[in-house]
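Trainee: Chain F: place on chain Z using the hints.
There are 2 protein chains.
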Amino acid sequence: MQMSSQFQNAFEQYLEGQPFHFQPRGLYEPIGYIMGLGGKRLRPVLVLMGYHLFRDDYEKALPLAMAAEIFHNFTLVHDDIMDQAPLRRGKPTVHHQYGLNAGILSGDAMLIYAYEFLRRVENQAALSALLQAFNRVAVEVCEGQQYDIDFEKRQDVSIPEYLRMIELKTAALIGGSLELGAIAAGAAGREVENLAGFGRNIGIAFQLQDDILDTFGEAEKVGKKTGGDIVQNKKTFLILKALEIAGPEDRKALARHMSSSTDNEAEKIEAVTAILRSLNIPTLAAEVMESYREQAFNHLQAVQAPEGRKEELRQLALSLMQRQA
Amino acid sequence: MQMSSQFQNAFEQYLEGQPFHFQPRGLYEPIGYIMGLGGKRLRPVLVLMGYHLFRDDYEKALPLAMAAEIFHNFTLVHDDIMDQAPLRRGKPTVHHQYGLNAGILSGDAMLIYAYEFLRRVENQAALSALLQAFNRVAVEVCEGQQYDIDFEKRQDVSIPEYLRMIELKTAALIGGSLELGAIAAGAAGREVENLAGFGRNIGIAFQLQDDILDTFGEAEKVGKKTGGDIVQNKKTFLILKALEIAGPEDRKALARHMSSSTDNEAEKIEAVTAILRSLNIPTLAAEVMESYREQAFNHLQAVQAPEGRKEELRQLALSLMQRQA
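Chains as they are written, first to last, in the numbering used here: chain Z, 14 to 338; chain F, 14 to 338.
Same shape as in the complex, but just chain Z:
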């Protein structure tokens, strides 16, 4: 069994031992609900892999893995309220299932519990450094969400601004999870930085890959209908890049499509996709994505840790991009 699968299993088992069966139920039931919806458990696996690069006894990092997963789920609960999303992993979102107030308050409690699990880390000498890294990442995730909200209303978002937004909103916690594991394992500052750099760049690459697949992926492989971003007028990397390089006519057509809702979704998706293809956007986007992946692997290369364990991390990253593709 691959280490990442072993870590995922170890985490699921740890999670089962934390059923959140406390009173009042109105507060804790939504926490058990969202934590039980599953998912790849990517962030806790990364915490454990970050730790395991430097130490064998990865079980000791399980509370920290839990902190990362609860934090991630807290962001899902509150983001789903802000995005008015009805579904999450095919099930009703917390605020749809339990109401707005339960969504807000249970999310708050989850954020607090994330800190409580972080506190329970075995290596107490690392607590201040862990807390500092966690706080920085947590604030970045909030900032990224705010930029994402702001960008919906702006027509002049630049590509660097977009890349910065996805770095904060998504990639910071990918890098942060590895970083927390490495700090808890007592890794040196340079190793922690390189590992965080790996995570941050691979996180940006993941998101760019998401953008590409949402429009150009094969629906069966991606596991969801393609074109969702286009229907929702999302200013993804693809659209921003197209607006940057398009001639006046294409730019006008794109802007018109992206500022209107439509009754004929299929037609809109086809029209926008055709413009993107004519501008060679799939290739350009893949190139940028690959440059982030390369930067990520360069950072990983520089980490002083056993080659075999670094290779596990590289394989996990590749398989995640493969699974999506």
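Some clues are possibly wrong.
Since the list gives no way to pick out one identical chain from another, each pair is judged satisfied if it fits inside one copy or across any two copies.
[Unchecked claim] Within a straight-line C-alpha distance of at most 20 Å, the following computed SDA-like cross-link-like pairs (lysine to any residue) qualify: (1) 254 x 152; (2) 73 x 141; (3) 166 x 111; (4) 248 x 37.
Hints in this document: simulated from the structure, not taken from any laboratory.
Mentor: Below, chain F alone, put in the same frame as chain Z:
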């Protein structure tokens, strides 16, 4: 100048040095707004007083005082959303001023910043204990808010349940603020516990005093119209006690009043107040409030610290209850 005024000034000055002038403004402007609305700064003053019982250099506890104040303001922002409150300290609430999403997200960021200020405490050896106490109190505050929400829909809330709710929602952070200060000052476990016990009991006494004054206070002294709790059908200690001891007729009348909205507020207030008076509720409530105050002062008495500094704390508690009365 009294120490509590000196501490309040020191805190205000520290707060002015933290203007939250970061980007994106959509995230940070609401934080500056709510933190700037003022108030008595009771929780940070209590952090500093808890510290000052055991050490002179209270400036070192200012980051911790900030943690308590940001946390308190975070709860105000999210509670105001849940309570659909339009005003806070005479100004629009954050979500009324900036929108629901800003209220949720800025509140989240405030909770994270509370932990970041906590981390900056000078006495790093106490970090784990501080974090543990802070997490426990923070979760209790969430649980108290959930019970408060639950009780609105329930007709069978018992007095012990109500007292537990106000202990969690309000008194836990009063006690917790003193506790944080004492832990940071390196106080022994027994002193910390007694001080927390003082804070928790005095916090319950404060809330009971609030309940009494909202109905029986003199409007000019209290600084707001009396009878608000009755108009809102709030199941305060007064109502719960009345329902407990009333004969069938009064109980029926009370239940009818408390389950209906009315066009004639003055009439409703007068009718309910008359029943409460006829059942001797003002005296009974004052007795319970005084018993908590007495328990609080017994705990304070037991704290091993200079008598003069304990007296400052006692005077602060008395003056706060005086100012309200």
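Trainee: At most 20 Å between CA atoms: does that hold for residue 73 and residue 141 within a copy, between copies, both, or neither?
Mentor: both (17 Å within a copy, 17 Å between copies)
Trainee: Quick one: residue 248 to residue 37, C-alpha cut-off 20 Å, is that within a copy, between copies, both, or neither?
Mentor: between (41 Å within a copy, 18 Å between copies)
Trainee: Using 20 Å as the alpha-carbon threshold, which applies to residue 254 and residue 152: within, between, both, or neither?
Mentor: neither (28 Å within a copy, 45 Å between copies)
Trainee: Checking residue 166 and residue 111: alpha-carbon separation at most 20 Å within a copy, between copies, both or neither?
Mentor: between (29 Å within a copy, 15 Å between copies)
Of the numbered hints stated above, the single one contradicted by the structure is hint 1.
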